[in-house]
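Here is how the chains run, residue by residue.
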Amino acid sequence: MEHVVIVGNGIAGVTAARHIRKNSDKKITIISAESEHFFSRTALMYVYMGHMRWQDLKPYEDKFWDKNRIDLVQAYVEKIDSQDQILHMADGQTLNYDTLILATGSVPAKYGWEGQDLEGVQGLVSKQDLELLEKNAPNNEVCPKAVIVGGGLIGVELAEMLYTRKIDVTILVREKGFWSGILPDAEAQLISEHIQSHGIDLRHEEELDKIIADGNGKVKAIITKKGEEIPCNLVGITTGVKPKIDFLEGSGIETDKGILVNKLLETNIQNVYAIGDCAQQREAIDLRKPVEAVWYTGRMMGETVAQTICGTPFEYNPGNWFNSAKFFDIEYQTYGWVFSSRNKKDYEQHFHWKHPDNTKCITIAFHKKSLQFLGINTFGIRMRHEVLDRWLNERKSIDYVLQHLSQANFDPEFYKKYESYIQATYKASKQTA
Amino acid sequence: MSSIQRDLSLTGQPPASLNSIQKVGTVIGLGGLIILLLALFNINLPNKALWLTLSLAAIFGGILLFSYGAYADKHAGIKNDGVWFKSISSRGFLAWVAGLALTGFYIVLYFKADLLGLNAKGENTGLIAIFDPLSKILSGNPASQWFVYGTLYTIAILGFGIKFLWKYRHNRYERLRTISVMFFQTAFAFLIPEFMARLNADDFSLPYYDIKNVWPLNYYNFEQYRVDDFISAGDIGLALLIFGIASIFVITPILTYKYGKRWYCSWVCGCGGLAETAGDSFRHLSDKSEFAWKVERWVVHSVLVFVIVMTTAVISTYLGYDPDKYWLTKDIFLIGVGFFLTLLFAVIWIFKKEELKQDARYGAIGYLVIVLALIGIHYASGSTLFLIPAETLRTTYGFLIGSIFSGVIGTGFYPIFGNRVWCRFGCPMAAILGLQQRLFSKFRITTNGGQCISCGNCSSYCEMGIDVRAYAQKGENIVRASCVGCGICSAVCPRGVLKLENAATDNRINSREILLGNDLDLMDYLNQS
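Residue numbers (full-length UniProt numbering), protein chains in the order written: chain C, 1 to 433; chain G, 1 to 529.
Mixed in with the good hints, there may be bad ones.
[Said to hold, decoys possible] Calculated lysine to aspartate or glutamate pairs in the DMTMM-like style (CA-CA distance at most 25 angstroms, straight line):
(1) K289(C) with D521(G)
(2) K474(G) with E141(C)
(3) K74(G) with D81(C)
(4) K23(G) with D357(C)
(5) K474(G) with D168(C)
(6) K474(G) with D66(C)
(7) K79(G) with D329(C)
(8) K26(C) with E114(C)
(9) K289(C) with D359(G)
(10) K67(C) with E355(G)
(11) K79(G) with D201(C)
(12) K22(C) with D519(G)
(13) K357(G) with D201(C)
(14) K74(G) with E61(C)
(15) K360(C) with E354(G)
(16) K26(C) with E355(G)
(17) K396(C) with E355(G)
(18) K416(C) with E501(G)
(19) K63(C) with D359(G)
(20) K74(G) with D66(C)
(21) K22(C) with D521(G)
(22) K22(C) with D73(G)
No lab work stands behind these hints: they were computed from the structure.
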């Protein structure tokens, strides 16, 4: 019987396993060093905040794996012998495979700062990171002060986590607004203000220079590029993630930033595939980045590679881009492409509406000439995925989208509706234009 | 995670600790309870009206102050920080103390009301006596243990209702729903029945009737003494009796078809009202396992069969031994029940058989056969209907289900098993509404395409123990008999994935191979094959 071995039990690997099981009788083994069972990485923060317990992060009951004949091995894959198709584990075990799926995910990206390996410096990606955080910052007596470096989604999550334990937080952000490499400026500013309204010391245009140790190898302070020293007990590194590929050295599997794959998600070695955060597309797919460290794309690659492995080859060809996040109390959703002010395409124009209370706004991107609807960002208003996906596929115009915006609303019943205000703002903007 | 420390004290570390406003609120609220305790132990409190006012005001005010301390300086939004760290909400020491105190109270209330000061002869003493002044204002009569209970119950729903309104002030669905349960409790459950009692005279007597309390939740509604009262109270009584029958056979099915069972369970019902307000802090304690779901299905439907059998037996008995008094004869009634149940079964079997799981089919057939066989044996052998005397059935049901299940376990164990144990495992009304909701309703919780990140907030905070995530991560709508439509799963979802909706019944249950957002050709291929 063909043995499919999956390295990594995150959303990509587990989705692949589930779909291979649905479509075949192959022997399936999932290897993970991180945790015995699959858990929702995106929910790690809720354990620290006391919203959920560790066991609540597991999307499937523990009996699920046995029932579906998916073997789980807890071990660290140290070396891959792709010639003889053998995996070597750190504990000396070996495992033979016929088909190998690499779904090893990401690790925090650090940029060679002085002191980046001190005790009290950490990222927030893995279960072990969460355990470390409980040790480094259990409360505001052990850890009165934290500095977070980098303003992305993990950065804001970490800030919210520490905030719940009343730990004083400073965030250093390179740009003028939070996450402004991704968000249009008006939105980045709204999020910056929302973060600051929680008493978080959010500093724009500030970067980390180095981290200083106390006498015992622990963090004592950081120094910014502007030369300011900020005393702290914890440094959260949230300047992005990079594919976990260091163990592939010498395996013959071709890598760049990530593991290079073609559209079938195949690596350069036969019967070896890579999916999820660790994969890097050789060929760009529409406007997507070659490495996408997002829950949804991990899942979609898992869904796709399973078909290929089960005899119906499908190229990875995801539909319209979408994503979501939450910044403290403000929910964010995006469908299609809305680029940041800096990365805006030549043909891309934005219509922006903001509620006076500063907790809700939307941005609609459209084509300057054809007025085709390109994408939408919403903050504080939930949208219906299915409707927006359809409008993007049907290449509706921005006028059509605004006229029918209420069809795309997904807020709970009885919520106040803002379509009429948004439409009025759009009309006014057209008249002045 | 092993490093979580459960905090036993009120101080401790954030986010488990109480701030100073909350501490003052707690002290004031406990002060109000201590006054009641003093009364319970027959400490003589002159000027009962004053002490009662003081006590209730302190309890109510304490809850409000506590809520103010908890939420006033926070942004509008989800407030679950530290839920699993706090002793009271994580089955810690305080939870067990509260659980034991509540269960103890229920046991005394149901079975030892004399300890509360209810005296068979003579005036009330102790705890009940202190409530006399209020009872006399409302109904003109001295208090009973049920009046004491009703008053405290209403205070709890109002006080914790305001706390809930504060906590969910960003969510209009939650606000309206909570105002609704607060209104129905105060007006329908508490005040109107007391005022109705005022209308009673020697020649006119209405039974104590909370008209939103529908049979079979109100399992005694069609007992002889009540039916006699209704009939003898002329047009009003008859109207109430007809309303009681129409409630379950006409009004309930229509509303449940249009809105799901939530119109009752989380907008109107008193048990639901307490669960959603005073019980809100315990909603995450419900068991989410598949095993618990299985137990739930068997137990709650067994209770439903029990209440149908018991009510049938009780009604047929008094129809039988007083045949001249009622136009409905025992035979017609029993044949009618048998016919109705068979018809109901046939309709479900013909239209919805595919939607029933294997064990639901066995259960439905099994229970129908048993009920019909018992009626058949009664006619064939002349034995007592259902082999057990109706009175025994009635008292057993009242003891096991009406008292132990709904009160002692259902509410007493809020801090241990969660706030909807009764509604989920025991309530026959919820079982009926659940069948309707599952099979014949426009209600569902819609999953938003591919946006789910499997975080599990929805499942964690589902008080009915539904593993909402299991559906959401498959892109499948949630259509479950037990869902009371409280809307909290949608509220706590960080990615805007869930929405409670009433919409067309086509495609209400939609299972997909893969989720929206992936390759269109792949989705077509998988959905076809």
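Evaluated hints:
no., hint, result
1, K289(C) with D521(G), "22 angstroms, holds"
2, K474(G) with E141(C), "43 angstroms, violated"
3, K74(G) with D81(C), "55 angstroms, violated"
4, K23(G) with D357(C), "32 angstroms, violated"
5, K474(G) with D168(C), "39 angstroms, violated"
6, K474(G) with D66(C), "20 angstroms, holds"
7, K79(G) with D329(C), "10 angstroms, holds"
8, K26(C) with E114(C), "48 angstroms, violated"
9, K289(C) with D359(G), "49 angstroms, violated"
10, K67(C) with E355(G), "23 angstroms, holds"
11, K79(G) with D201(C), "22 angstroms, holds"
12, K22(C) with D519(G), "19 angstroms, holds"
13, K357(G) with D201(C), "55 angstroms, violated"
14, K74(G) with E61(C), "35 angstroms, violated"
15, K360(C) with E354(G), "44 angstroms, violated"
16, K26(C) with E355(G), "31 angstroms, violated"
17, K396(C) with E355(G), "38 angstroms, violated"
18, K416(C) with E501(G), "16 angstroms, holds"
19, K63(C) with D359(G), "20 angstroms, holds"
20, K74(G) with D66(C), "45 angstroms, violated"
21, K22(C) with D521(G), "19 angstroms, holds"
22, K22(C) with D73(G), "50 angstroms, violated"
In the structure shown, a violation is registered for the earlier hints numbered 2, 3, 4, 5, 8, 9, 13, 14, 15, 16, 17, 20, 22, in ascending order.
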